[in-house]
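Two independent chains are provided; combine them into the complex using the hints.
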Amino acid sequence: DITFTQERYNSFIDLQDQLHRNLCRQRTLVAIGTHDLDSVQGPFKYDARKPSDIQFVPLTPDDKGSFAASDLLHFYETDPAAKHLKPYVPIIKDSPLYPVVLDANETVMSLPPIINGSKSKITLETKNVFIECTATDLTKANIVLDTVVAMFSEYCAAPFEVEPVTVEYQDDQGSVVDSYVTPLMYTRREKASVEYCNSMNGIQLTGEEMVTLCNKVQFGPAELCDDGKVLEVTVPPTRSDILHAVDIAEDIGIAYGYNNIVKKIPNTNTVGGEQPLNKLGDLLRDEIGRAGYIEVLTHGLCSIRDNFTALGRAVGPAVSLSNPANVEYQVVRTTLLPGLLKTLQHNKSASFTQGFKLFEISDVVLPDNEWVVTDTIVGSKNARRVCAVYAGPTSGFEIIHGLVDRIMTLCEVAPEAEYIANSAKSKEEEYRVSKEGWTYTIAELDSTDTVAGTYFPGRAAAVLLTSPESGKRIQIGTFGIIHPDVLNNFDIQYPSSCMEFDLEALL
Amino acid sequence: MTEAETAILTHLSSSPEATIEDTFPWSEEIKIDHKAIVGAVKSLLVEEYVAASDLSTSFFTLSKEGEGILANGSQEVLVLKALIEAGKLSIKDLQEKVGKDVSKIGVGNCMKNKWAKKDGGDLVPIKTMEEVTDDIQAALKTLSDAGGVTDGIDDKVVTGLKKRKLISQVTRKSYKVTRGAQYAPTRVKKAADLTKEMLDSGDWKTTPFKPYNFMTLGEKVGGGYLHPLLKVRAEFRKILMEMGFHEMPTNKWVESSFWNFDSLFQPQSHPARDAHDTFFIKEPASTVAVPEEYYERVKKMHEVGGDGSIGYRYDFKREEAFKNLLRTHTTAISSQMLYKLANQKGGFTPQRYFSIDRVFRNETMDSTHLCEFHQVEGLVADYNLSLGDLIGTIETFFKKIGITQLRFKPAFNPYTEPSMEIFGYHPDLKKWTEIGNSGMFRPEMLRPMGLPENVRVIAWGLSLERPTMIKYRIKNIRDLFGHKVEMARTRTAPVCRFDSALEDDQ
Chain A
1 DITFTQERYN SFIDLQDQLH RNLCRQRTLV AIGTHDLDSV QGPFKYDARK PSDIQFVPLT
61 PDDKGSFAAS DLLHFYETDP AAKHLKPYVP IIKDSPLYPV VLDANETVMS LPPIINGSKS
121 KITLETKNVF IECTATDLTK ANIVLDTVVA MFSEYCAAPF EVEPVTVEYQ DDQGSVVDSY
181 VTPLMYTRRE KASVEYCNSM NGIQLTGEEM VTLCNKVQFG PAELCDDGKV LEVTVPPTRS
241 DILHAVDIAE DIGIAYGYNN IVKKIPNTNT VGGEQPLNKL GDLLRDEIGR AGYIEVLTHG
301 LCSIRDNFTA LGRAVGPAVS LSNPANVEYQ VVRTTLLPGL LKTLQHNKSA SFTQGFKLFE
361 ISDVVLPDNE WVVTDTIVGS KNARRVCAVY AGPTSGFEII HGLVDRIMTL CEVAPEAEYI
421 ANSAKSKEEE YRVSKEGWTY TIAELDSTDT VAGTYFPGRA AAVLLTSPES GKRIQIGTFG
481 IIHPDVLNNF DIQYPSSCME FDLEALL
Chain B
508 MTEAETAILT HLSSSPEATI EDTFPWSEEI KIDHKAIVGA VKSLLVEEYV AASDLSTSFF
568 TLSKEGEGIL ANGSQEVLVL KALIEAGKLS IKDLQEKVGK DVSKIGVGNC MKNKWAKKDG
628 GDLVPIKTME EVTDDIQAAL KTLSDAGGVT DGIDDKVVTG LKKRKLISQV TRKSYKVTRG
688 AQYAPTRVKK AADLTKEMLD SGDWKTTPFK PYNFMTLGEK VGGGYLHPLL KVRAEFRKIL
748 MEMGFHEMPT NKWVESSFWN FDSLFQPQSH PARDAHDTFF IKEPASTVAV PEEYYERVKK
808 MHEVGGDGSI GYRYDFKREE AFKNLLRTHT TAISSQMLYK LANQKGGFTP QRYFSIDRVF
868 RNETMDSTHL CEFHQVEGLV ADYNLSLGDL IGTIETFFKK IGITQLRFKP AFNPYTEPSM
928 EIFGYHPDLK KWTEIGNSGM FRPEMLRPMG LPENVRVIAW GLSLERPTMI KYRIKNIRDL
988 FGHKVEMART RTAPVCRFDS ALEDDQ
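Protein chains in written order, with our numbering: chain A, 1 to 507; chain B, 508 to 1013.
Chain B on its own, in the form it takes in the complex (with noise of 0.2 Å):
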């Protein structure tokens, strides 16, 4: 307890109704520190020991210049005092006489005053000493005597007085302070904290407790994050993995134009394989080897069809197939997965497939668009599958991430026959829009890897982006994807939860 606290406590321990009436003069009664004072009653208040209301009083104080005047007499009392000596003064002489500050003052107030006048260049006292009085000064004492309190004294001369920065008001803020409803002759420290030593010593059954203010954030948790994407991306893996769909091994970035394109029975003249859309390798330029007996399959496919197809009836050139380039699709991979499943020992197999990984296309950029991107794609590859299935699939795929009403508009791939478009109406979005591509692999596609006649490969992909900026409300991809994210964006991401429709099924 403070000397401050000690004092008041005490004198209001006298009677249940004891008062300090103003805490000014009672502070200077008992020769404490007014602030002091103050500080304590605040402090005794937030405990309820005390009650208190407020005081305030105004009065004035002297400035350095009115305590000036006060001693010495008003500036223009000075001046006339100085040309009634001399008889008349230039300027010049009157400030080294008085002091510059005295004479500028003095003279302008001599002159409003009627009690010098200018003659020529030189100033001339009209009044004598008898004649005027130095009413400043006499305002000036009276306020001090009365201690700065101007019920005594005339407005308009008060008015004047703060005019000339001769007086200054000032508030002092005071208390008439009583006995508060948890009031106690001594204060008992309250604690804001559990501690060990109020464990160990048994303190904590005796230690009255601070209120504790609920209202504000916790601790910052701190630790690491992780990125909002692949959060995401981890979600997907396991909602494919839910379904049976087993990953491919995706990293290969650059690809030959063979497995990009041509095993997928995209013809070589096609504008997707311009340098407009797909990144070219300059270095290594070409690819080294293929499978050979394959290639020649895939050659003979393109030039004179077979196997129920007429082809395209185009020149195959052997130096376009083996472009390197960025692979601009997952699907070159999925392809080559395929081929593995048709010719792997034993025959083929049924087989569910999926990946999530990064693919390039040399496309315009804008906020929603990088050239690189990643691409969420799956496939079943079993005998006689149909429309239906694909249709099926899909919608068990997107009911697990929430979307439940889908649309399916025809379209065309080259790679693919029948080809769809899903529609769907995204819940956080409130409208439709395009969510995916699909279809079913050409024949042309699927007969020269060896794949049996009623084997059907059906398949659907999507980009990863698009769902995490729905999800985690970003505009701009620049904002998900580069070193341009913001630390902050990462740090509040959510977990990735999707609401899955077909939990609620269950």
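Bound conformation, chain A alone (with noise of 0.2 Å):
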């Protein structure tokens, strides 16, 4: 028995639609309908019908007539009157069956999740609304049906004063399996320790403060028990964020006021620290900064021409997206590569008759299906390269080389005799200082290898490790004069060279 006034109107539909948008997940969740009670005949119908066998006189501000519920939602993609429906329309276009809410005559009276009958539509004059939510989640469609007869049931003529419906599920043969009385106006009493409360809060409140605080936030009526030591609170139906004693002790919180809350420091001593991969990487960036490198930041994702052709190497495993922004952004580099020519492409009116040199220190991903962190596998792993270009007017190879040489000695790793007998003796030779078991050469690199492609044919190294725990030369990275065809690709003017290597093998 209710009056609606045009405000009241609006604030109802509003309600519907906010509804709808946030707890229905765009109805995809839970659909709401609201229709003229008087208008139509219970008992009501909840059931699934063939498109073609719905016949349906829908809402719209024009009357449009009746409509087959298939030719109805083509209607609806198409009109441009109708586009704010538009994208409900997916939810059930495919289906062989549609949803339908019919009354005892069989009239539609909507077909959820896209609209209602005109048939029973509200209007100023309705005075008996009939509230059906239609779900994919039974609890949320409970959450939503209580929160909108609470808001709504003040203005009935007796406030608060709704008539209850019974549910019922029928099997094929027709006979009741499941029946239960809806809404549920789910309230229940939650309990929560005094003590609990001030210690999450960090306040000192007595259990009396509490009681006054619970009843001004609408968890009345609420009162203490267990000798004082336990709040009772009344949760209503339109808080169902509430799931656990620490969601009381928050609103409690709120209540007191976060910012008179006296601040302290938790009391335990812990000792900091930082990752050795994170240490190693800061402390050869400020080593290749000061060796005349300038540093750079580049994205994560790129496209797979970037990373693959472009490099000159044939297109391998990487980890891909299903939902990419846009070409630019298709997979997870593998390499650091792209990312400094990309860079040198787009300082082209910088000078390079000094050598312009820029490096990287960051993570690529790689497939793996064996790499396990904390038990899991999710298939790919992030590996810690170090990237570095030189870009002049001649190629820069050996000033490439020397990087790889320098990393080397501050990794304290050893050259292999054979490799360095060959270079003039000098004093830092006498005082390099490295690690037991440790070397490293450099051979040419195979002309089979995955990244041959991006070096000029005889002038790409491979990076050899031999570690104690491997106890054989292992490749960790290249090294070379990159392909002019490659320059091209990015537009690059000036010969280069390039390095790249594994990181983390090193640490």
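None of these hints come from the bench; they were simulated from the model.
Be a bit skeptical, because a hint or two may be false.
Said to hold, decoys possible - Estimated spans, in silico, between C-beta atoms of each pair:
hint, chain 1, residue 1, chain 2, residue 2, range
1, A, Asp-491, B, Pro-715, 52 to 60 Å
2, A, Glu-287, B, Asp-814, 33 to 41 Å
3, B, Lys-669, A, Gln-345, 58 to 66 Å
4, A, Gln-345, B, Lys-549, 48 to 56 Å
5, A, Thr-309, B, Ala-699, 51 to 59 Å
6, B, Lys-938, A, Glu-469, 37 to 45 Å
7, A, Asp-491, B, Glu-993, 16 to 24 Å
8, B, Ala-796, A, Asn-105, 52 to 60 Å
9, A, Gln-345, B, Ser-565, 56 to 64 Å
Yeah, the Cβ is synthetic: ideal placement off N, Cα and C, and Gly gets one too.
Structural data, given as structure tokens:
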């Protein structure tokens, strides 16, 4: 026995819209239908029918007459006047059967989740409202129904008086297999210990003070039990977010005012520290910067073209996205090189006469079905790389080579005797400090290597590391003069060299 | 010393009052090019060997045409001559006789002076040679004889000559030179720099040095440079380690929905798990394995609750939990660290963790948002922590980066309860702004991990880009992250220091 004013009517529609957007997740979880009870006849049916069997007069601004449901959806997809309904069409469009709500006279009242029928529409004259919520999540449906009822039954002639409805589930033979009454108006009593609430917030309230606060924030009626130690509150149906005592504690904290809480520091001492890989990375960043290289920070996502073909490499395994924002973000990079080359490309107008040197120490991602972290295998792993580029009037091969040697020196890896035999003896060699069992050497890169296409033929080298763990030479990276085709792909006009290798191998 | 310098200094050596009245005539006298003299004067002036005052003389020179007229007579006279000789001439014939250029100018002037007139297609002379005078040629001669000085010539005549571009004005600068404050009969060369030869020979003791110009920037240092965002990252890492926080291993960009959402008690229907906000992986699309016992406990918590919670009461789907994605927050790693902490040998011990690393969000990009950015996250796991501890920890951190005034506002996160938005008064921006987010992890998240009931975990986070953009005055995030960063900005970025308010207290 409700009375609608224009304001209340608008507010009612508004509430449905908001709930549809949020709790109902754009009508995919729950759809709310509201009807003028006096214009239809109970009992009501919630059924699934073939689209062509459904004849329906939808609620549209101008009376377009009756539609078959399949035509109707097509209409909503194409007609500009109905464009606000277009996003919901895909929810049921491809189903063999469409859900319908019917009254006893087989009048179609609504076609959830799209739209309600014209026959049962609510007007300012409506006196009695029938509310139905259809959903894929029953808990949510009840929450939504409770919310609508709680918020609007205030306007009933006898405030907060509603007529409950029995929901019956029928099987194929027509017998009732399950039934319950809605709205649940799900309220419950929830308990939280007074000490818990105080301890969570870092405040000191008495039980009585908490009761007062609870009554203020719609948790009433609240009372103390268990010898004044436990607070018992009533959780209203509109507070579906109260899952645990901690939610009650938070509301008490909010009522108290967060800015009134006295701050303190957690008592336990802990020792700070860093990850060895990050430590090594930061130390090397400093050293490479000192060597004259400018640090860059590039995107982790790139296109397949930039990550493989533009580098003269065959398209290999990489982690790809199913919903990239655009083609520039198709895959997660497996090499740091494209970022550096794109930076060179962007700085075309800078001076290259003294050599333009860039570097980056950062992660790439490689598919890997065996890598385990926290007892979990996701199918890929991160790899920390060092990458540097030199571009100038000459290729800078020896310069990049020099950087490789420098990094090894800094990481306490000694060059193999044969490798160093031809170079001039220097004082530095006398003072070299290196870890036992760690050596490295350089060898010409095999032309069948996956990255060989990036380099100028005859000017590519593999960096081979021997660690005490493995006892043999393992290729941890490569360096060399970049192939002119690759330079062309990135619009770089100066001969360039680059190096990239795996930093984790040096830990 | 040059020949010119020698000449000048020698001339001035005769007496203290010696003067070169005008360098130009003097230079002609001593037969040294005036330009060399001028150069020498300027050079000697710098070191105050001489003092000089500027002189300037104006005179006229004849143009090529003017020289021609001086020699042969003006064009109009030549034309008249030709007309008188022939009686009359057509323009064409005239041109043939005296030349096109002469004809063109001459005919015009003849007509002006009324020396000739047109008769049909021909020209006819009106005056005879005796009746006309070649004023132009006469004027040029007078000027030439006077050395280009116009004193004796009527101004109107001069203007006329200028108009016909027969003369042009030249200004010559010269000097009147006297002894200067540092006068000496011979010039001693001053050195610009101290050299090894001077040190070896000891000449540095006797060599005079040029005065130095201090008002220019020094030479550029060269070398390499570090990226501004990473400078801030290094500073933040240091600050957090100073506070006793231990770094988490976050080198894991591809994550399972299980760790990124489900283990954090974020429901599977939550909007953030939409393709609108999260990047899902096409290949490899599904997680291969998760710790199964823990998975079951997480599933139960979502479906029915437990340990004092009523749960979400929906059907928890395995396929949903096994969807791979690019992590949307480093909290996915924090969750794993807490799980490990709960299950380590010897059981739970209190710990402080931090991380600063990259996260990925499928958001609309604008001048301050890209789909990749860096998150700073800190958490403390200990017994019976409260919001007071959270506020205290947050305050300590922000004080170390120079933000002392903080206010906290209630907020909502699916995995923290209570949650607070952190607002601070920023000293650079001079206004209140949101500087971070924080909260206490929900019991529904902690209990399935096996953490004891009275263990609470407080956490807070902020982005790394925002404080960097404020500190380095960068307006667009593309100027900070990616391949379009200006190298010049990296080169001038200062060292990262925050005005720590804590240090002032010490």
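Hints and how they fare:
1. Separated by about 55 Å at the C-beta atoms, A:Asp-491 and B:Pro-715 satisfy the suggested range of 52 to 60 Å.
2. The hinted range of 33 to 41 Å is not satisfied by A:Glu-287 and B:Asp-814, whose Cβ atoms lie roughly 51 Å apart.
3. At roughly 59 Å, the beta-carbon separation of B:Lys-669 and A:Gln-345 lies within the given 58 to 66 Å, and the hint holds.
4. For A:Gln-345 and B:Lys-549, the Cβ-Cβ distance of about 49 Å falls inside the hinted range of 48 to 56 Å, so the restraint holds.
5. Between A:Thr-309 and B:Ala-699 the CB atoms are about 56 Å apart, so this pair conforms to the stated range of 51 to 59 Å.
6. Between B:Lys-938 and A:Glu-469 the beta carbons are some 55 Å apart, a value that contradicts the proposed interval 37 to 45 Å.
7. Remark: the range hint 16 to 24 Å for A:Asp-491 to B:Glu-993 is upheld by a beta-carbon distance near 18 Å.
8. Range check, B:Ala-796 to A:Asn-105: Cβ separation about 56 Å, and the 52 to 60 Å hint holds.
9. Between A:Gln-345 and B:Ser-565 the CB atoms are about 59 Å apart, so this pair conforms to the stated range of 56 to 64 Å.
The structure does not agree with the numbered hints 2, 6 stated previously, though it agrees with the rest.
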